[in-house]
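So the protein sequences, as listed, match chains H and W. Just so we're aligned, residue 1 is where the first sequence starts under the UniProt record's numbering, counting upward by one. Just so we're aligned, residue 1 is where the second sequence starts under the UniProt record's numbering, counting upward by one.
Hints are supplied without guarantee of correctness; some may be wrong.
For chains that are exact copies, the list does not tell them apart, and a pair is met inside one copy or across any two.
[Said to hold, decoys possible] Mimicking DSS-like on lysine-lysine, the simulated pairs with C-alpha atoms at most 30 Å apart in a straight line are: (1) K386 with K248; (2) K318 with K5; (3) K361 with K290.
No lab work stands behind these hints, which were simulated from the structure alone. Quick caveat: nothing in here was measured; it's all calculated off a predicted structure.
Protein chains: 2
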Amino acid sequence: MATKKLASWALALQFSNLTQPVTDMAVKSIYNWAGCAIGGYALPPAGIALEALSPLLPQHSGNCSILGSDALVDVQTAALVNGIASHVDDYDDTHADTPVHPSGPVASALLAMAELRSPVSGPDFITAFVAGVEAECKLGVAVYPEHYDIGWHITSTTGSIGAAVAVGKLLGLDLEQLQHAIGIASVQVIGMRDSFGTDTKPFHVGRAAQSGIQAAVLAQNGYGSMLEGLEGEYGWAHVVSTRQNVTKELSTLGSIWEITKNTFKPFPCDRIIHAAIDGWIQIHDQAVKKGLRIADIKNATARVNPIVLSLTDNHDPKTGLDAKFSVYHAGAVALIYGEATPAQFTDEVVKDSAVISLRDKVSVTAAKEVSEHEAFVAVEFANGTKLEIHVEHALGSVEKPLSAEQLKEKFLEQVSAQIGDKQAAAAFSAFSQIANMTDVGKIARKFKQHPRLYKELNSSP
Amino acid sequence: MATKKLASWALALQFSNLTQPVTDMAVKSIYNWAGCAIGGYALPPAGIALEALSPLLPQHSGNCSILGSDALVDVQTAALVNGIASHVDDYDDTHADTPVHPSGPVASALLAMAELRSPVSGPDFITAFVAGVEAECKLGVAVYPEHYDIGWHITSTTGSIGAAVAVGKLLGLDLEQLQHAIGIASVQVIGMRDSFGTDTKPFHVGRAAQSGIQAAVLAQNGYGSMLEGLEGEYGWAHVVSTRQNVTKELSTLGSIWEITKNTFKPFPCDRIIHAAIDGWIQIHDQAVKKGLRIADIKNATARVNPIVLSLTDNHDPKTGLDAKFSVYHAGAVALIYGEATPAQFTDEVVKDSAVISLRDKVSVTAAKEVSEHEAFVAVEFANGTKLEIHVEHALGSVEKPLSAEQLKEKFLEQVSAQIGDKQAAAAFSAFSQIANMTDVGKIARKFKQHPRLYKELNSSP
C-alpha cells in the first residue's frame, strides 16, 4: 500500500496543514534553489544543454524560463536546464538524514509547470513542493545507505518520483492517476556516483525533473502503470536497494516532516568536506591575525570520517567540477583564500600553481569515530607554529545552520554575479515572498535576466 | 577500457564490414520493427503519449513521423511514441541469448534522427543500427540473468545505451564524445519488470530511445560525462547487476555478431509462452480434423520451464496487455481460435465468456529439465480423447525461425489492419528495401498513413 499511501497523502495535503517551520523551510529551500539555478547558469553544462537541445524542437520558444538567462522554452527543456543549473555548483541543499538534495528535481519541475499552467498560487506551489520533497526524502531514508553504497545518486533516483508527486498534485490528478504517475516515474532510475565531478552529475537532477513532469502528464492523460510501483516485488524499492522499508517510512508522512531537516550548503562542493573546510578557513583567519604567511605552510592535515575519502580522495582534480570532490583542493583554497565560494572552484583556480603546490601538502586520515559533519584539522608552518581546530558540527549542518541572513547573502552573491546587484535584489524579493504570490508562473518577470549565454561567460565552452 | 572499446569499435564499423547474414538480419529486424510500430499504434499507449505530450510543446510540428499515423513531430517525441508502439503488442524481436528485444530502442531513435538529419543513406542507417544492437546485446549477455532476476527490464536498461551508440555513430561523434554519450545514457536505467502487463512496459522502450538521442546530442555539443561509464566502480555494470563481465563480452565485438541470434515473435505476447502456444495451436488443428469440439475440452495442461510461471502465472488478466503475460489466456485463445495474433489479445477477447471459461481449465506445471523454448502440452476432451504434443523448439526460436515469407505475412497482417492492404504492401516494399535507399528519412513518404488516432480505434481510450 506504500504507493497508494504516498499518493493519497499528497493529494490530501493542504497549505493549512503545513506548520510554520515547514513553510519557512520550504520558502528558504525554494529561494536557495533559485539562487543556485541563476548562479549555476554561468557554468557550462546548463548552457550546453540548452544549445544542444534547442535545435531538436521545430520552433523553439515557449512559456517557461531558463533562470539566469532570458530564454523562454518548452516546459520539459526548462525543467531539465534549470535542474542542471541548480545542482552544477554543488551548492544547493541537503536533507540531514540522507545525502538527498531535495529541492532541485522538485522545484525545477514545479516552476516550469507553474509557468505553463499559470496561474498557480504561492500556497499551492509551496504545498506541492512540500509533497514532492517529503516523497523524495522518505524514499531516501527507506533505502539509505545501502542504495547509495551500491552507487546510485540518491538525489535523482528519488527525485523523479518526488517531481512526479509534486507536479501530479499541481495538475490535480486523481488518486489512481497519481499512483500511475509514481509508477511511470519509478521505472526511470537516474543517476550514478561514477559521474560525480562531471557535467553528468547535475544532468541527473534535470533529467529527474523532466521525468517527473512527463510521468505526471502521461498519467493525467490516461497512460497506465502498475498501482504499486514503489513496493511491488519487481518494483522500485526492491530493485534499487538491498534493504528497504518504504512502507514503514511512508507511514510517517505528515507526522515527521523531512523538510524541517533540510540544510543549506555554505560551500559549493560535496557537503562531506564542509567540516574540514570550515576548520581550515578558521585556521586561515588565525594565521592572518598572527601574521603567519600561507606560503610558509609545511603541511595541512585533517582527520575525518572514512566517507570523506570514499567520495573525495582526488589528489589531482582537472576541472572546477572535479575539484568539488577533492578534499585536497578544498583544503588549499580554504587556506589560501579564507573562503570557499564558486570563485574557488573554477577551472582556472584548479590550475593555479599556488593552489596546486598547497594541495600537495594536504593529507587526510580517516577515523570511524569522527562523525560525518566533524573534522580535526591542523596546519604546521615553516617556523614550527602549529594551529589546530576541532569542528564538531560543520557550518551548514542541522546543529549549525546558515542563518536567514547568511542564506540571503549566499543568494545575492551567486545571483549578482550573473544578473547584477539590482536584479539580484529583485529576484530575492520575489522568491522569498513566493507565499504571497497569486501567480508563481510570473515570478521570472519580477526581475530582468541578462541574455548572457554560457559562451560569453566561459572562454572554453 | 570497456566504454572506450565499445565506442571505438562502433565508430570504426563500416557497412562493408558487415557479412551477408548480418545485413540480412538487420533488414529483417528493421522491417519487423516497423510492422510492429505501425500495427502497435492502434493500441492506446502510443496515442495517449502523443496526445499527452503534444500540448507541452509550443508549436507542435516537426520533421519526424509517428508510424501508423500521419503526425509529424519533433525528434524526441517521435522516438518515444514509435518506441512505445513498436513494443506495445509484445510482438517484436528477441535476442536468443538474453530476453533483450533489440530493435525497439535503436530503430525508434535512429529513424527519428534520420528524418531530422536527412539525408542518411540505407547503408549508413543499417551500420548504425547494427552498432546499437551489438551494444545492447553484448551488455545484456554481460549482466544476464542476474540483472534480469533483480527485476530490471533488460531491453530498455541496455536500450538507452544502444540507442546512444547508434545515434552517436549516425551523427559522427568523435571517440571521446561517444564515450561521453555512453556515459550520459548509462546513468538512465529505465525499466522494471513490475510494469509488465501495463502501458509502462512499452514506455520503457520509447524512453530508452529518447534517452539515447538526448545523450548523443548532448555529447555532440560538448556535454561531458565520465569516460568509463560502463565499467567504472560506481558505473553501469556494477550498479545494475550482481554479476557482470562487460569487458570480456565487449572484446568479442565484430567477431561474434549478436544480431545473427535475433529472433522474431510469431505471437504477440511474452516469448516464454510461445512453445506452449505453438503446441496448443497444433492440438487445435488436430481437434478440428478429428471433429472434436473445443467446447468439449475437459482440461488443458502444459509442462514448461519454471521461468514461464515466474513471468506469466496470471489466472485473471484484466486487459489485453495484461493477457500477454498470462499463460492461461494464451492457452485458451490458442485452443479456441487456432491462432494467437493481436486480435486474440484485445480487451474484448480477455472478457469473452468462452475464453474465461476455457482459461479456468488450463493448468501449468514447471520442470527444470524442460528448456525455455520447449513445452509438453496436452488436452483432454469430454469423450476421453487425449491429444498430446511435445514442442522441442518453439516457432520463432533460433532452431525454428520464422521464414522470410512468414515475416512478410506478419508485417502485412499488422500493418494492413492500421493503414490498409495497399499501403501495407508499399510500406513493406520500402522497409525491406532500406539497404538501397539514399535517404532513409523519406521512407515514411513511400506509403500513405491514415490519420486515424487511437481514439477512433478504441472505444474506451
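Here is what the structure says about each hint:
no.: 1; hint: K386 with K248; result: neither (50 Å within a copy, 53 Å between copies)
no.: 2; hint: K318 with K5; result: between (46 Å within a copy, 23 Å between copies)
no.: 3; hint: K361 with K290; result: within (21 Å within a copy, 90 Å between copies)
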